[in-house]
Amino acid sequence: MSDWSDLTAALKGNLDKLSELLQSDDQLKAFTTSNAIEKDVTFGIKSSGSDNTLLITVSNGSAKASTGASKDALFTLVALPEQWEQHFKAVPAMPYQSYWGMFGMNIKQKGIEVLGDQTAFAQWTHVWRRVLELTHDAHCGPMKEDEQVEPERDFLTGKYTYLEAPVWGRCKVFYEYSGEGKQPIVFLHTAGSDSRQYHGVMNDARMRKKCIMYAFDLPGHGRSFPSKNYAPGAHTNTEDSYVGMIAAFVKALGLRRPIICGASMAGQICLAVAIRHREVGAAGVIPLQGSDYLNMERQWHDRSPVVNQSLFNPEWIYGMMAPTTPRANKQLIWHTYSAQAYGIFHGDLDFYFGGWDGRSRVAKVDTQSCPVYMLTGEYDWSNTPEMGQKTADKIPGAMHKSMPDLGHFPATENPAKFVPHLIEAIDHIQKEPELYPGHCFLCDGIPGLTNLLRDDDPGVIAREHLRDGSYADPDPNQVVEWGRTNARERTDESERQAHSKRETAREQSLFNNGVPPPITSFGQANKDGRSRPAPANALFDAVKFGSHERANRLERENGITQRESAQPRRSSSSILPPGVPGKGGVTPRKCANCGKVGHIKTNKQLCPLLNGQRKQDDTSRDANASAAAGNSDNIIKESQLTPPDAQP
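Residue numbers are given in UniProt numbering: position 177 of the sequence shown equals residue 177, and the series is strictly consecutive.
Careful: at least some of the hints might be erroneous.
Stated by the list, open to error - Here are the simulated SDA-like pairs of lysine to any residue, each with C-alpha atoms no more than 25 angstroms apart in a straight line:
{"no.": "1", "residue 1": "182", "residue 2": "424"}
{"no.": "2", "residue 1": "110", "residue 2": "133"}
{"no.": "3", "residue 1": "71", "residue 2": "114"}
{"no.": "4", "residue 1": "71", "residue 2": "110"}
{"no.": "5", "residue 1": "64", "residue 2": "30"}
{"no.": "6", "residue 1": "159", "residue 2": "228"}
{"no.": "7", "residue 1": "182", "residue 2": "278"}
{"no.": "8", "residue 1": "110", "residue 2": "394"}
{"no.": "9", "residue 1": "144", "residue 2": "30"}
{"no.": "10", "residue 1": "110", "residue 2": "378"}
{"no.": "11", "residue 1": "89", "residue 2": "71"}
{"no.": "12", "residue 1": "251", "residue 2": "155"}
{"no.": "13", "residue 1": "29", "residue 2": "145"}
{"no.": "14", "residue 1": "12", "residue 2": "141"}
{"no.": "15", "residue 1": "401", "residue 2": "361"}
{"no.": "16", "residue 1": "330", "residue 2": "149"}
{"no.": "17", "residue 1": "29", "residue 2": "335"}
{"no.": "18", "residue 1": "29", "residue 2": "143"}
{"no.": "19", "residue 1": "89", "residue 2": "402"}
{"no.": "20", "residue 1": "159", "residue 2": "111"}
{"no.": "21", "residue 1": "330", "residue 2": "378"}
{"no.": "22", "residue 1": "29", "residue 2": "149"}
{"no.": "23", "residue 1": "394", "residue 2": "416"}
{"no.": "24", "residue 1": "209", "residue 2": "181"}
{"no.": "25", "residue 1": "364", "residue 2": "257"}
{"no.": "26", "residue 1": "144", "residue 2": "251"}
Hints are computed from structural coordinates only; laboratory data are not their basis.
My request is simple: use the sequences and hints to build the entire structure.
Right, dumping it as structure tokens:
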């Protein structure tokens, strides 16, 4: 039998030290100093199978320890001997870092129970939690906390904005932002809290360089005003209202393809956003402490007329953190949970516990359009790494990673430890979709788009290449049409021959004119079928590429104006962009797959802004424009073009 079968015996040599700590601890003194404590209250702590009990008697401003029997206590915390043994290790493993963790509703441990007055147990949760921490310190010495650098400057800016969202109505919402990076990312706070949780991450130099970060408080949370529809105590949260608020925030700030990241309740909604990413315009999601379903037995102490929720709520979540979390960060989490209005936490948990059910839906997430990278702190006993991994396994292409030394609030517990995991997830989302082997854009008849066509699948998953180098999902009907066209071209030899003739015509026009046409004309014949461009198209190209002398000559020779050529030539897709951002075209190169001029192997090589080829393309474009104006010696000929894979 374990030495911990009698808790009082196991701690006997530490009781004097415990008594000293009970008298000197500032936090315990703050918790017990109140004239509302009119008489002494005694609670007990013991091992199951033994009635030898550590008794703690609390009075106004003080507490003292003794031994006795459980009958002498108003309520008693009970656990198995082996569980107490794990709890009193120098650095306990999950879920033994706290009694709430051992008592945890999701992984309820056999042998753990609370004897006696259950309401008193909830009313005094802040006191017995602190007493257990001091008992651990008396037995093991002070918990070694993670070190963190104290910031000297804050980089956040806070503002208010009005949002109109489903269910909520019109709301005055507070948000903060920081960073000078290109990638927008929106952080979502946990249930019953606010976005102060992300200050450490939003001040991190690595994140400020990589992203522009936003975090907002839900209506009625933190610094945001409650909605006009809100009745105090009646708050509830649903998938539709939550997704609607995120979408409203993204739209109001004009964010383009943001990553959505959040923990706990917000981790669950990230999965919902992945399913409904078109509504939000999300580029990807990073669910923290998320899973496809969480079914916990609900407790009502967080919405009770006889339990102080400002004490109970922060205590209930306090034990979900890693035990080595710096005390200042623990206190911040405690403070934000204590600061929320009545019923806010309980209403958020309506969504977290059972309100979100993605078990039959997450498998439908399209990670090509909205990548999913899940992160789970290993000390979270409510949403464990195992639960996160099982959820990720259901989502084709999703990633999951367990984070050591972090718990339910990784962004707040230790930002320095969390940020490397976060950056890894962001890099995964920003990674360009890979082409299947043997394919390039024009070989499969879809100019300017990533073609993810497989040999055994006639369907196409594609993304529009936007003018700023980012990507957006095309209209589903166009995807279907592209798929049909692509399948027909791959199986119909006559179509392939026609495609080859169009390529020959286009290459001839390039050679004859010395001006690269827009990407939208790649792989297509001109409307009149001639090998040279129609006059209006030629004029359009000349104007676009800055060859003003040639443009004037074309106007004189053909009796047309630049206004008449303002519309670019037609393409097989009406939404295809007119070329590289700010350029209207790219220098044609040989395709590494088929060797044809003008074919591009990957999206990254398509866009000079993404692969560092902008300067080279500018030089080539200027040379071609000069040649078009009459200096034929500067024409870049096919033999001078370098295959993409050979670029430095």
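Hint by hint, here is what the structure shows:
1. As the CA atoms of residue 182 and residue 424 are separated by approximately 16 angstroms, the hinted pair is consistent with the 25 angstroms bound.
2. Taken as a hint, the residue 110 and residue 133 pair is honoured in the structure, with Cα atoms around 22 angstroms apart against an allowance of 25 angstroms.
3. For a cut-off of 25 angstroms, the pair hint linking residue 71 to residue 114 stands: about 13 angstroms separates their Cα positions.
4. Of the pairs offered as hints, the one joining residue 71 and residue 110 holds, with about 22 angstroms between alpha carbons and a cut-off of 25 angstroms not exceeded.
5. Restraint check for residue 64 and residue 30: satisfied, since their Cα atoms lie roughly 15 angstroms apart, inside the 25 angstroms limit.
6. With a C-alpha separation of about 20 angstroms, the suggested pair residue 159 and residue 228 falls inside the 25 angstroms cut-off, and the hint holds.
7. About 21 angstroms separates the Cα atoms of residue 182 and residue 278, which keeps this hinted pair within 25 angstroms; it holds.
8. Note on residue 110 and residue 394: the hinted pairing is violated, with a Cα-Cα distance of about 30 angstroms set against a maximum of 25 angstroms.
9. Among the hinted pairs, residue 144 with residue 30 is consistent with the structure: their alpha-carbon atoms are about 23 angstroms apart, no more than 25 angstroms.
10. Note on residue 110 and residue 378: the hinted pairing holds, with a Cα-Cα distance of about 21 angstroms set against a maximum of 25 angstroms.
11. Of the supplied pair hints, the one linking residue 89 and residue 71 is violated, its CA atoms being roughly 28 angstroms apart against a limit of 25 angstroms.
12. Taken as a hint, the residue 251 and residue 155 pair is honoured in the structure, with Cα atoms around 24 angstroms apart against an allowance of 25 angstroms.
13. Proximity of residue 29 to residue 145 is assessed by CA-CA distance (about 22 angstroms); at most 25 angstroms being required, the pair is judged to hold.
14. For the hint pairing residue 12 with residue 141, the CA-to-CA distance comes to about 15 angstroms; that is within 25 angstroms, so the pair holds.
15. Our distance criterion of 25 angstroms between C-alpha atoms is met by residue 401 and residue 361, whose separation comes to about 21 angstroms.
16. As the CA atoms of residue 330 and residue 149 are separated by approximately 16 angstroms, the hinted pair is consistent with the 25 angstroms bound.
17. Restraint check: the Cα-Cα separation between residue 29 and residue 335 comes to about 17 angstroms, which is no more than 25 angstroms; the hinted pair holds.
18. Distance hint between residue 29 and residue 143 is fulfilled; the C-alpha atoms sit about 20 angstroms from each other, no more than 25 angstroms.
19. For the hint pairing residue 89 with residue 402, the CA-to-CA distance comes to about 22 angstroms; that is within 25 angstroms, so the pair holds.
20. Taking the CA atoms of residue 159 and residue 111, the gap is near 50 angstroms; set against the 25 angstroms cutoff, the hint is violated.
21. A hinted pair counts as satisfied when its Cα atoms are at most 25 angstroms apart, and residue 330 with residue 378 qualifies at roughly 17 angstroms.
22. With a C-alpha separation of about 29 angstroms, the suggested pair residue 29 and residue 149 falls outside the 25 angstroms cut-off, and the hint is violated.
23. Distance hint between residue 394 and residue 416 is unfulfilled; the C-alpha atoms sit about 30 angstroms from each other, more than 25 angstroms.
24. Proximity of residue 209 to residue 181 is assessed by CA-CA distance (about 5 angstroms); at most 25 angstroms being required, the pair is judged to hold.
25. Of the pairs offered as hints, the one joining residue 364 and residue 257 holds, with about 20 angstroms between alpha carbons and a cut-off of 25 angstroms not exceeded.
26. For a cut-off of 25 angstroms, the pair hint linking residue 144 to residue 251 is broken: about 45 angstroms separates their Cα positions.
The structure shown violates the earlier hints numbered 8, 11, 20, 22, 23, 26.
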